[in-house]
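Colleague: Let's have the full structure, built from the sequences with the hints guiding it.
There are 2 protein chains.
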Amino acid sequence: MLIVVSYDIPNDKRRGKVLKALKSYGEWMQYSVFECNLTKEQYLKLRNRLDKIINYQEDSIRFYTLCDDCKEKIDRIGGTQPRDESVFII
Amino acid sequence: MLIVVSYDIPNDKRRGKVLKALKSYGEWMQYSVFECNLTKEQYLKLRNRLDKIINYQEDSIRFYTLCDDCKEKIDRIGGTQPRDESVFII
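Residue numbers (full-length UniProt numbering), protein chains in the order written: chain A, 1 to 90; chain B, 1 to 90.
No wet-lab data here; the hints were simulated from the structure. One should not assume that every hint holds.
The list treats identical chains as interchangeable, and a pair is accepted whether it falls inside one copy or across any two copies.
To be verified - Below, in silico cross-link-like pairs of lysine-lysine (BS3-like), each with a Cα-Cα straight-line distance of 25 Å or less:
(1) 40 with 23
(2) 45 with 73
(3) 52 with 73
(4) 40 with 13
(5) 71 with 45
(6) 40 with 52
(7) 13 with 71
(8) 17 with 71
(9) 13 with 73
(10) 73 with 40
Quick caveat, the model's predicted, so the values are computed rather than measured.
Modeller: Take a look at the structure:
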């Protein structure tokens, strides 16, 4: 399943950790948005890892699960996503 | 239908215009993420309005349509969304 992960993490250090975690699970689409193709198990593992990083008062992470139909309807206007060549490991 | 709109707009002035437009169509969930309950017609109207604001080289806006099933699965960890009391007009 495709999971769109968007995050608001004001603290640089925590945001860096979240970014690092997400890079090993998905593709960086926008400054604070990733798209991750995950099994249920991988999703829970990712969620759990992020849950340990964030500060519940300051940070917010949202997870949008997209079925195949919704995935087909993804639309965008404007430029390319942030490019980053780090290796993709799960 | 629910449309999740996420945006990367480095330029303050353009980001302000996009924010203003989105505020009249949906709810501000995270710094650069809105959730909008829209008809097809409203969606096209919003998309068109945003398309006129952005710079195609620098800016990026993504639209994720969520069906009722996917809407049910929205998940989040962490704090509250950005609060803003502006009036909600469509």
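Colleague: Hint by hint, say whether it matches the structure.
Modeller: Going down the list of hints, with the structure as the test:
When the C-alpha separation of residue 40 and residue 23 is checked against a cutoff of 25 Å, the pair qualifies only within one copy, where the shortest distance is 18 Å, while the shortest distance between copies is 33 Å. For the homomeric pair residue 45 and residue 73, the shortest alpha-carbon distance between copies (17 Å) is at most 25 Å, but the shortest distance inside one copy (27 Å) is not. For the homomeric pair residue 52 and residue 73, the shortest alpha-carbon distance between copies (21 Å) is at most 25 Å, but the shortest distance inside one copy (33 Å) is not. In the homo-oligomer, the alpha carbons of residue 40 and residue 13 never lie at most 25 Å apart, since the shortest distance is 28 Å inside one protomer and 40 Å across protomers.
Taking the shortest alpha-carbon separations for residue 71 and residue 45, both the intra-copy value of 22 Å and the inter-copy value of 21 Å come in at or below 25 Å. In this homomeric assembly, residue 40 and residue 52 come within 25 Å of each other (Cα to Cα) only inside a single copy, at 19 Å, whereas the closest approach across copies is 39 Å. Neither within a single protomer nor between protomers do residue 13 and residue 71 lie at most 25 Å apart by alpha-carbon distance, with minima of 32 Å and 31 Å respectively. Proximity of residue 17 and residue 71 under a CA criterion of 25 Å is satisfied in neither setting, with 27 Å inside one chain copy and 28 Å between copies.
Taking the shortest alpha-carbon separations for residue 13 and residue 73, neither the intra-copy value of 34 Å nor the inter-copy value of 29 Å comes in at or below 25 Å. Taking CA atoms no more than 25 Å apart as the test, residue 73 paired with residue 40 passes in both settings, with 22 Å inside one copy and 12 Å between copies.
Hints 4, 7, 8, 9 from the earlier list are contradicted by this structure; the remaining hints agree with it.
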